[in-house]
Amino acid sequence: MWDSILAALPLLFSPAAVLAMAGGTTIGVLIGALPGLSATMGIAVLIPLTFTMQPLVALGMMAGIYNGAMYGGAIPAILLRIPGTPAGIATVFDGHPMAQKGQGLEAMKIALVSSAVGGSISALALLFLSPPLAAMALKFGPVEIFWLAIFGLAAIAVLLSDAPIKGLISACIGLVIGMVGIDSMTGNERFTFDVMELMGGIDILVLLTGLYAIPPALTLAQEALLLSRSSGSSGKRTHSGIGWRRLLPTWVRASTIGVIVGIIPGTGGNIAAMLSWNETRRVAKDKSRFGKGAPEGVAAAECANNADNAASLIPALTLGIPGSSVSAVILGGLLVHGMLPGPELFTRSAPVTYGFILAMLVTSIMLFVIGRLGARLFINVMYMPPLLLAPIIIALTTIGVYAINNSLFDVWLMLAFGVMGWGMERLGIPLAPAVLAVILGPVAESSLRRAMLIGHHQIGFLFSSTIAIVMVTLILLTILVPLVRRLLAHYRGRPSKLAMAADPQRARQHLEP
Amino acid sequence: MRQATLETSVALAGAVLSGCGLWHALGFTRDSAYLPTAVMSLLTLLLLVWGIRSAWSLRQAGSDTLRFAPSHARRFLTLLATSVAMIAIAPRLGFATTFLLFVPVSGWLLGYRQGKWLVTTAILFSLLIYLIFQIVLDRPLPPELALRLVTGS
Numbered sequence: 131m132w133d134s135i136l137a138a139l140p141l142l143f144s145p146a147a148v149l150a151m152a153g154g155t156t157i158g159v160l161i162g163a164l165p166g167l168s169a170t171m172g173i174a175v176l177i178p179l180t181f182t183m184q185p186l187v188a189l190g191m192m193a194g195i196y197n198g199a200m201y202g203g204a205i206p207a208i209l210l211r212i213p214g215t216p217a218g219i220a221t222v223f224d225g226h227p228m229a230q231k232g233q234g235l236e237a238m239k240i241a242l243v244s245s246a247v248g249g250s251i252s253a254l255a256l257l258f259l260s261p262p263l264a265a266m267a268l269k270f271g272p273v274e275i276f277w278l279a280i281f282g283l284a285a286i287a288v289l290l291s292d293a294p295i296k297g298l299i300s301a302c303i304g305l306v307i308g309m310v311g312i313d314s315m316t317g318n319e320r321f322t323f324d325v326m327e328l329m330g331g332i333d334i335l336v337l338l339t340g341l342y343a344i345p346p347a348l349t350l351a352q353e354a355l356l357l358s359r360s361s362g363s364s365g366k367r368t369h370s371g372i373g374w375r376r377l378l379p380t381w382v383r384a385s386t387i388g389v390i391v392g393i394i395p396g397t398g399g400n401i402a403a404m405l406s407w408n409e410t411r412r413v414a415k416d417k418s419r420f421g422k423g424a425p426e427g428v429a430a431a432e433c434a435n436n437a438d439n440a441a442s443l444i445p446a447l448t449l450g451i452p453g454s455s456v457s458a459v460i461l462g463g464l465l466v467h468g469m470l471p472g473p474e475l476f477t478r479s480a481p482v483t484y485g486f487i488l489a490m491l492v493t494s495i496m497l498f499v500i501g502r503l504g505a506r507l508f509i510n511v512m513y514m515p516p517l518l519l520a521p522i523i524i525a526l527t528t529i530g531v532y533a534i535n536n537s538l539f540d541v542w543l544m545l546a547f548g549v550m551g552w553g554m555e556r557l558g559i560p561l562a563p564a565v566l567a568v569i570l571g572p573v574a575e576s577s578l579r580r581a582m583l584i585g586h587h588q589i590g591f592l593f594s595s596t597i598a599i600v601m602v603t604l605i606l607l608t609i610l611v612p613l614v615r616r617l618l619a620h621y622r623g624r625p626s627k628l629a630m631a632a633d634p635q636r637a638r639q640h641l642e643p
Numbered sequence: 162m163r164q165a166t167l168e169t170s171v172a173l174a175g176a177v178l179s180g181c182g183l184w185h186a187l188g189f190t191r192d193s194a195y196l197p198t199a200v201m202s203l204l205t206l207l208l209l210v211w212g213i214r215s216a217w218s219l220r221q222a223g224s225d226t227l228r229f230a231p232s233h234a235r236r237f238l239t240l241l242a243t244s245v246a247m248i249a250i251a252p253r254l255g256f257a258t259t260f261l262l263f264v265p266v267s268g269w270l271l272g273y274r275q276g277k278w279l280v281t282t283a284i285l286f287s288l289l290i291y292l293i294f295q296i297v298l299d300r301p302l303p304p305e306l307a308l309r310l311v312t313g314s
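Top to bottom, those sequences are chains D and W. Per our numbering, residue 131 is the first one in the first sequence, and the count goes up by one each step. Per our numbering, residue 162 is the first one in the second sequence, and the count goes up by one each step.
Okay, chain W solo, but in the shape it has when bound:
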């Protein structure tokens, strides 16, 4: 896939979204609508110009080709998926406990195979997070499952 194809698609999709935003902004009361209307109009125009320019460059031979290795895409999606899972479960298990699982699992899935380092890093990092946020900064964070399991309370 060529860079210009991607840019054209993004610019045109963005222009449609921005157009919807402009429509939404026109519904604001007069004093609140000045800047949103002006900015959304400018954004729509800029995106259209960008889209047209990218589409024009598609006609020229030798424009940049996107090189996206499958391994790159896999690692990107893996980290994104594990991050989403981490954010979803952190309020239930507690942040330090979640990180105890998230760091080694993500590292392993991304392709890091030094098991000893994965476990050591996860334990040290979670301990550090617990010390900084619960003890030093005293932030009201969700209770830690790991602590409840260890202390039995």
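Same shape as in the complex, but just chain D:
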């Protein structure tokens, strides 16, 4: 591990990589500060632009966008009571009351430092937890890899949606998209309908850009959310004096929650932030301060949602199972640069992989500097007119996708996926299971075929190892536990805290003081 880290350092601190990380962090904060845009969308738009870059330069930029956007979401949450990203909802609870008291800049400072602390701790967790997990995963055979892929799909499909049936529909749609093209094992065409451009399959970048970049642009134009400069914080400035030492226990608690939530597939920054804010309020001596501008509330939410970032990449990098939509998009970015997600990342492409992990750490530290220097710019960007921004996003994705293969067919396909994604969002069908299924579907299918060949087509071979049985049990639990919880909630008449935290609308209604 240390050899690979040492080999990664010169690449990571090359001028191009440093510039990409700083640029990515700045772009990330700008994207996060714009309500309606997210880190997933930012990375999806920029991946096509990075494919001619050196892998570590491109991945450094993605790391910057990821960390930057998570903090950026706090700016409109604090100043306008509008979370820039779903993970910024818990920041509204105490951040906006602070702004109303004239302490908006202090709240932003707390959010910035807490984000940098959470991001750094999360990157360290990724650095030290990934190698042992990857070493264990290297011992997996085709049977274990098949069940692992199914587990990843089941977890995302069931946990990410309010209705598990919609998550499963999304996963099936992704599996079908992943099957389009020539079957690599038999050479037969599947779902190509004699269209020449579909023979090679659907490029994951076309799908990612279509599903994650086009719907936000359409929604921006449709809703035309105009932010008024007068709707923000109070004009007078007051200082409460931030007791940084007082925030230390909050950061420790929030980072721990963020890292644990991040590792679990199907969760995300919004759940981490909500649970952390709730836990900080629960252990506080004076609970009445929360929701009225308690600095600990801002610190808890922002530290936890950034601590979720790198941690959510642990299953993605080591097992090839992205636990969230952002990590699915980052996996897409790895694939573009010829790196196959999974345990072999830590052997075949070790310097670049460790370089990327260190980039998550470096961009968390950079975030602190960039956030301080660019505060005024980031505040102003919130007021950018969405009616002008929406066509720019569409134009950028169009040329980005065209430039990959010089194919206009890909651009039309991206637009079609975009409209499909917009429709899926309107119907409450989550997008992440579809993307995950496109990545994991071929892995599951080829592993299943190899397992069947090794096991002489005996189904029992799929249950022949202890790891396989553990995974099948986990899959059953993943599918059954939410159903049981839903039934219990139905009989009790109220949802559980975790279910509330997972649904931004419901969380706001039930938890916001």
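Take the hints with a grain of salt, since some may be wrong.
Cβ pair distances, simulated, as ranges [what the hints assert, rightly or not]:
#1 Leu606/D x Arg220/W: 28 to 36 Å
#2 Leu285/W x Leu606/D: 53 to 61 Å
#3 Leu268/D x Leu310/W: 53 to 61 Å
#4 Gly180/W x Ile312/D: 22 to 30 Å
#5 Phe143/D x Gly180/W: 54 to 62 Å
#6 Val611/D x Ala174/W: 31 to 39 Å
#7 Val210/W x Phe323/D: 23 to 31 Å
Among chain W residues calculated to face chain D with C-beta under 7 Å, some are [said to hold, decoys possible]:
#8 Val200
#9 Trp211
#10 Ala230
#11 His233
#12 Arg236
#13 Leu262
#14 Val264
#15 Ser267
#16 Leu271
#17 Phe286
#18 Arg300
Because the hints were derived from the structure by calculation, they are not lab data. Here a beta-carbon is modelled for each residue, glycine too, at the ideal position from N, C-alpha and C.
With the hints as your guide, set chain W onto chain D.
Okay, now just chain W, sitting in the frame of chain D:
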């Protein structure tokens, strides 16, 4: 219109499409057909269950009503139409030249009325796109009409 009505219609239309996909998948050779057949069968079943559940919820009073303001629909369709036009003409005019027209026209049609900003943004954005893709990344993109008009070549 109620959300459940829309969901029922989409689910049933999807189930029909998925059923056709299943029929198509049954025609694949044996080794290639396992997964497509299984997935299409599951998808058809899930869509049918979703459709039945949505139809059932239609019977209950007080289910969600869809609120779709005419201005929302107009802006959505406007951006979609201008995007389709942009993609169709970009290979003929060149991407930067097309964006020079697409950004201000779309912005104007969507309802943004600050003419100065529309023009400035379009020029800066097109220049940036040209610099990044033609000069820095050196991608083989269609020739730019605007450049040919300016240079006369």
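We went through each hint and held it up to the structure:
{"no.": "1", "hint": "Leu606/D x Arg220/W: 28 to 36 Å", "result": "33 Å, holds"}
{"no.": "2", "hint": "Leu285/W x Leu606/D: 53 to 61 Å", "result": "56 Å, holds"}
{"no.": "3", "hint": "Leu268/D x Leu310/W: 53 to 61 Å", "result": "59 Å, holds"}
{"no.": "4", "hint": "Gly180/W x Ile312/D: 22 to 30 Å", "result": "25 Å, holds"}
{"no.": "5", "hint": "Phe143/D x Gly180/W: 54 to 62 Å", "result": "57 Å, holds"}
{"no.": "6", "hint": "Val611/D x Ala174/W: 31 to 39 Å", "result": "32 Å, holds"}
{"no.": "7", "hint": "Val210/W x Phe323/D: 23 to 31 Å", "result": "28 Å, holds"}
{"no.": "8", "hint": "Val200", "result": "5 Å, holds"}
{"no.": "9", "hint": "Trp211", "result": "5 Å, holds"}
{"no.": "10", "hint": "Ala230", "result": "9 Å, violated"}
{"no.": "11", "hint": "His233", "result": "5 Å, holds"}
{"no.": "12", "hint": "Arg236", "result": "5 Å, holds"}
{"no.": "13", "hint": "Leu262", "result": "11 Å, violated"}
{"no.": "14", "hint": "Val264", "result": "5 Å, holds"}
{"no.": "15", "hint": "Ser267", "result": "4 Å, holds"}
{"no.": "16", "hint": "Leu271", "result": "4 Å, holds"}
{"no.": "17", "hint": "Phe286", "result": "6 Å, holds"}
{"no.": "18", "hint": "Arg300", "result": "5 Å, holds"}
In the structure shown, a violation is registered for the earlier hints numbered 10, 13, in ascending order.
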